[in-house]
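Enquirer: Spelled out, the chains give:
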Amino acid sequence: MPPTVVDLDDVTFAYGDTVAVRDVSLTVESGDFLGLVGPNGSGKTTLLHLMLGLHTPDEGTVRLFGAPVGEFDDGSRVGYVSQRATDRGGAMPVTVRECVTMGRFAHVGHGRIDAADRAAVADAMETVAIADLADRLLSELSGGQQQRAFIARAIASDADLLALDEPTVGVDAESRDAFYALLDRLNDDGITIVLIEHDIGVVTDRADRVACLNTELFHHGDTESFVESDALADAYGATGQVVEHHHHS
Amino acid sequence: MSESPTTPDDPGVAPGTRDRDRRRTTELIGVAATGVLSAVMIGFVLLYWAQNLPVAGELYAGFRSFGRGMDAILGTNMFRHPFMWQSMATGVLIGVVAPLVGTFLVHREMALIGETLAHTAFAGVAVGFLLRATTGWDGSLLLVALVVGILGALGVQWLTERTDAYGDVPIAIMLSGSFAVGTLVISYGRGLTGINIEGYLFGNLAVVTVEGARLMAVLSVVVAAAVALTYKQLLFITFDEQAARVARLNVTGYNTLLVVLTAVVVVGAMQVLGVILVAAMLVVPVAAASQVARSFRETTYLAVIFGQLSVIGGFVVAVGGGLPSGGSIVVVAIAIYLVAIAASGSSMRAVTARG
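Residue numbers (our numbering), protein chains in the order written: chain A, 39 to 287; chain B, 897 to 1251.
Calculated from the structure, these hints are not laboratory results.
Just so you know, even glycine gets a beta-carbon here, dropped at the ideal spot from N, CA and C.
There's no promise every hint is true.
To give a feel for the contact side, a few chain B residues facing chain A, derived at Cβ under 7 Å [what the hints assert, rightly or not]:
hint: 1; residue: His1003
hint: 2; residue: Leu1125
hint: 3; residue: Lys1128
hint: 4; residue: Phe1132
hint: 5; residue: Phe1135
hint: 6; residue: Arg1141
The list that follows gives simulated cross-link-like pairs (lysine to any residue, SDA-like), each with its CA atoms no further than 20 Å apart [claimed, not checked]:
hint: 7; chain 1: B; residue 1: Lys1128; chain 2: A; residue 2: Arg115
hint: 8; chain 1: B; residue 1: Lys1128; chain 2: A; residue 2: Ile151
hint: 9; chain 1: B; residue 1: Lys1128; chain 2: A; residue 2: Asp196
hint: 10; chain 1: B; residue 1: Lys1128; chain 2: B; residue 2: Val1114
hint: 11; chain 1: B; residue 1: Lys1128; chain 2: B; residue 2: Arg1110
hint: 12; chain 1: B; residue 1: Lys1128; chain 2: A; residue 2: Ala129
hint: 13; chain 1: B; residue 1: Lys1128; chain 2: B; residue 2: Thr1148
hint: 14; chain 1: B; residue 1: Lys1128; chain 2: B; residue 2: Leu1153
hint: 15; chain 1: B; residue 1: Lys1128; chain 2: A; residue 2: Arg156
hint: 16; chain 1: B; residue 1: Lys1128; chain 2: A; residue 2: Asp155
hint: 17; chain 1: B; residue 1: Lys1128; chain 2: B; residue 2: Tyr1150
hint: 18; chain 1: B; residue 1: Lys1128; chain 2: A; residue 2: Gly149
hint: 19; chain 1: B; residue 1: Lys1128; chain 2: B; residue 2: Arg1004
hint: 20; chain 1: B; residue 1: Lys1128; chain 2: B; residue 2: Val1117
hint: 21; chain 1: B; residue 1: Lys1128; chain 2: A; residue 2: His148
hint: 22; chain 1: B; residue 1: Lys1128; chain 2: A; residue 2: Gly147
hint: 23; chain 1: B; residue 1: Lys1128; chain 2: A; residue 2: Ala157
hint: 24; chain 1: B; residue 1: Lys1128; chain 2: A; residue 2: His145
hint: 25; chain 1: B; residue 1: Lys1128; chain 2: B; residue 2: Glu1005
hint: 26; chain 1: B; residue 1: Lys1128; chain 2: B; residue 2: Asn1151
Taking the hints into account, I'd like the entire structure generated from these sequences.
Expert: Below you can see the structure in the form of C-alpha cells.
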C-alpha cells in the first residue's frame, strides 16, 4: 500500500494570539481528491500551508510522504498553485514555457536544463492544452490559461501531490469546467489532489473526500457522508459562535 | 479556446516566428558585444596591474598605442590616459552587473533596497575616511564600504525576516539611518582631514582609483558568475516565492545572496554614479527592458544591453560637456526608458489592431 501523502496529527497553529487552526487531525491518502471547504477566514489556506511545510505548527505533527514535513526534501513531488499565483504572472514578463520549466528546477538544481527536461516541459504543456501558447507572456493570457500553465508546472515536476488554493477565482464558467475536467483526468492518472474551493458544488461534484474547516475540523470523510451531514451548516454557523466566544473572553 | 496570434493575412510562415528569430539574433549580437567590451575592459585592468611583468608589459604598451590611435582618429584627448580607461572599465562593468542584479530586484519589488544599501555604503566610506584620519591606516575606502555595505545587506535581510516583508518602513529607517550616521562621521572627521565627499555623492570619473577599478573587475566576475550559477533559483523565487519554498529551494539563502550581491554592485558602482544615483542603474534599464521584452531571459539580456548603452552614452555626454558622470548616465538611461515606453505603446497598438 502506498504511504499516506499527508498526515496531520492534532495540529494547532496561531498567528500571534489568533488561533487559525485548532486540533486538526486528518490524512490524505495516495490518489485522493480532497476538497477543503469552509467559510472565509476559516483557516483553509493556513491548513494547506501547514501540510506543505510553509508554516510550522505550534502543536502537533505534520508528515509529508511519510517524513516529518520539516525534513521532507524532495520538492519535486509537490506542485503548489497559490491563491495569488496569477497576480505575479501579470506583473513580470515570463513566458508560459519559462513558467512550466520552473517545475524542473527542483530536479536539476544548479545543473543545466537538458533535452529530457525540455521534453517533460513540452509534454506538460501538451497535457493541459497550452502548447500553442508556449512562447506567449503569461500576462497576455486569460485567467484560465494562466492556471493551466501553473498546473503544467506541477506536471513537469512529476508531482505526486497537487495543492491548489482557490485556483478558479476570476476564471469564467466555461474555462472553469474545462479546468476541473483536467483535474479529474490528472486524479485518474494517480495524482493526489488537495483543493481549496469556495464553491461547495464544485467540491461535491469533483472531490471524493471533503474536509470542512472552521478553525476546527467539522467533517473529514467521503463526499457522500459530507452531503448527508450537517457539517456545512455547523461550520458556517460556527463563525458566529467564535465571535461570541471572543466577546466573553 | 486557443488565442494564438495568427493574423488574417498570414502568408504561411507565422510572422511571429520570424520576428522572434530576428529579435533573438539582435539580442545575441548585443549581449556578445557587451561581453567582448567587458572582457577588453577587464583585460585592460589586468594588464595595467601586471604591466611590470615581461609579456603583459608589451601588451600594455600595445594598449596604450591603441588608445593614442583612437584619440587621433576621433580627435579626442581621452583614450591615451590610463585613468580614463580605469573609469571606462568601471563604467562598462557597472553597465553589465547592475542591470543583471536589478532584473531580480525590480521584479521582487525590492528596488528600494539598492538605494538603501548605497546609503549604507556611504556610511562605510565615511567610516573609512575616519579610520584613515585617526589611525594613519591607508587602505581602500571602497573595501571599508564593501564590508559595511554587506553588513548592511545582512541587516536588511534580518529585518525583513523578522517583519516578514520587504516593508517600506524598516527599509526607510535603514536608508536614512545609515545616511545620518555617514554625515555625522564626516562632520566629525572634517576637522581632522580634508574630505572630498562630493565625488562619492554625485559620482565622478576622477574618483575612480586604480584600486577601485581592480575591485570592480573582481566584483563583476564574482557577481556575474553568481547570477549565472543561481539564475534558475533566483527566477523561481522572484516569480513565485511560495511555490519555490514548497519545491524546497533554500529561499532564505538565495534572498540573502541577492541582497549581498546588490551591496557588492552598489559599492562598485558608487564611484562612477554616486551614492544618490547608484540605484538608478539597478532599476531604470530593467524598467526599460520590461516594457519591450517578450520573456524573462530577454528582459535580462535587454537590461544589460540598455545598461551598457546608458553608460557609454553617459560617458560621451559627461566627457563632451564636462559634466558629472552619474547624472549623465542616469539621464541617458531614462531617455532609453522613454523610448522603450513609446516602442511598447506602438507594438501594443499593432497587436490590438491585428487581434
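Enquirer: Please go over all the hints and tell whether each is borne out by the structure.
Expert: How the hints compare with the structure:
1. His1003: holds (5 Å)
2. Leu1125: holds (6 Å)
3. Lys1128: Holds: closest Cβ of chain A sits about 5 Å from lysine 1128/B, inside 7 Å.
4. Phe1132: It holds, given that the least Cβ distance between phenylalanine 1132/B and chain A is near 5 Å, below 7 Å.
5. Phe1135: holds (6 Å)
6. Arg1141: With Cβ-Cβ at 6 Å, under 7 Å, it holds.
7. Lys1128/B / Arg115/A: This hinted pair holds, its Cα atoms lying about 18 Å apart.
8. Lys1128/B / Ile151/A: Given that 20 Å is the threshold and the Cα spacing comes to 10 Å, the pair holds.
9. Lys1128/B / Asp196/A: Measuring from Cα to Cα gives roughly 18 Å; hence the hint holds.
10. Lys1128/B / Val1114/B: violated (23 Å)
11. Lys1128/B / Arg1110/B: Given that 20 Å is the threshold and the Cα spacing comes to 29 Å, the pair is violated.
12. Lys1128/B / Ala129/A: With a Cα-Cα distance of about 18 Å, the restraint between lysine 1128/B and alanine 129/A holds, given a limit of 20 Å.
13. Lys1128/B / Thr1148/B: The hint holds at about 15 Å.
14. Lys1128/B / Leu1153/B: Measuring from Cα to Cα gives roughly 14 Å; hence the hint holds.
15. Lys1128/B / Arg156/A: holds (14 Å)
16. Lys1128/B / Asp155/A: Holds, at roughly 13 Å.
17. Lys1128/B / Tyr1150/B: holds (11 Å)
18. Lys1128/B / Gly149/A: holds (10 Å)
19. Lys1128/B / Arg1004/B: Given that 20 Å is the threshold and the Cα spacing comes to 15 Å, the pair holds.
20. Lys1128/B / Val1117/B: Given that 20 Å is the threshold and the Cα spacing comes to 19 Å, the pair holds.
21. Lys1128/B / His148/A: holds (8 Å)
22. Lys1128/B / Gly147/A: Measuring from Cα to Cα gives roughly 8 Å; hence the hint holds.
23. Lys1128/B / Ala157/A: Holds - the C-alpha atoms of alanine 157/A and lysine 1128/B are around 18 Å apart, at most 20 Å.
24. Lys1128/B / His145/A: Distance ~12 Å between lysine 1128/B and histidine 145/A Cα, so the pair holds.
25. Lys1128/B / Glu1005/B: It holds: about 18 Å lies between the C-alpha atoms, which stays within 20 Å.
26. Lys1128/B / Asn1151/B: holds (13 Å)
The earlier numbered hints that this structure contradicts are 10, 11.
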